[in-house]
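K.L.:
Residue numbers for the sequence shown follow my numbering, so the first one is 19 and each next one is one higher.
Hints in this document: simulated from the structure, not taken from any laboratory. All values reported here derive from a predicted model rather than from experimental measurement. Even for Gly, the Cβ is constructed at its ideal location relative to N, Cα and C. Certain hints may be false.
[Claimed, not checked] Label pairs and their calculated CB-CB ranges: (1) Cys75 / Tyr50: 17 to 27 Å; (2) Glu83 / Lys34: 27 to 37 Å; (3) Arg31 / Gly73: 21 to 31 Å; (4) Lys109 / Arg23: 43 to 53 Å; (5) Arg60 / Glu83: 38 to 48 Å; (6) Ala93 / Met53: 27 to 37 Å; (7) Lys109 / Gly73: 44 to 54 Å.
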Amino acid sequence: AGAGRPHQVRQFRNRKGSVDPAALPGDQIDDYARMTGALLARAHAHSADPRVVAGYCGKGDALDEALADFAVAYADRTEADHAELVAAIRKGRIAAETGV
19 AGAGRPHQVR
29 QFRNRKGSVD
39 PAALPGDQID
49 DYARMTGALL
59 ARAHAHSADP
69 RVVAGYCGKG
79 DALDEALADF
89 AVAYADRTEA
99 DHAELVAAIR
109 KGRIAAETGV
């Protein structure tokens, strides 16, 4: 928000709901990823001209590969962070309730 500039922030069609991907059978993970990706793309298409977004994405595999690389790196970072959290809990540096 710029100083002195009017702005508006809103949530587009607030429809609360959630899915625990860890609870999905393995054969449904791909469908879940495709649906959430499509919803995310649709949400972003409303924020700009869809043709501009499509042009930005391009026709090659570069965006797909960059997103996949990011997802793998982010998953690796998340696993490392979780391992550090578990170690801190085991050493008593962080209090946690287990088995919840």
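K.L.:
Please go over all the hints and tell whether each is borne out by the structure.
P.N.:
Hint check:
no.: 1; hint: Cys75 / Tyr50: 17 to 27 Å; in the structure: 21 Å, holds
no.: 2; hint: Glu83 / Lys34: 27 to 37 Å; in the structure: 33 Å, holds
no.: 3; hint: Arg31 / Gly73: 21 to 31 Å; in the structure: 25 Å, holds
no.: 4; hint: Lys109 / Arg23: 43 to 53 Å; in the structure: 49 Å, holds
no.: 5; hint: Arg60 / Glu83: 38 to 48 Å; in the structure: 22 Å, violated
no.: 6; hint: Ala93 / Met53: 27 to 37 Å; in the structure: 19 Å, violated
no.: 7; hint: Lys109 / Gly73: 44 to 54 Å; in the structure: 51 Å, holds
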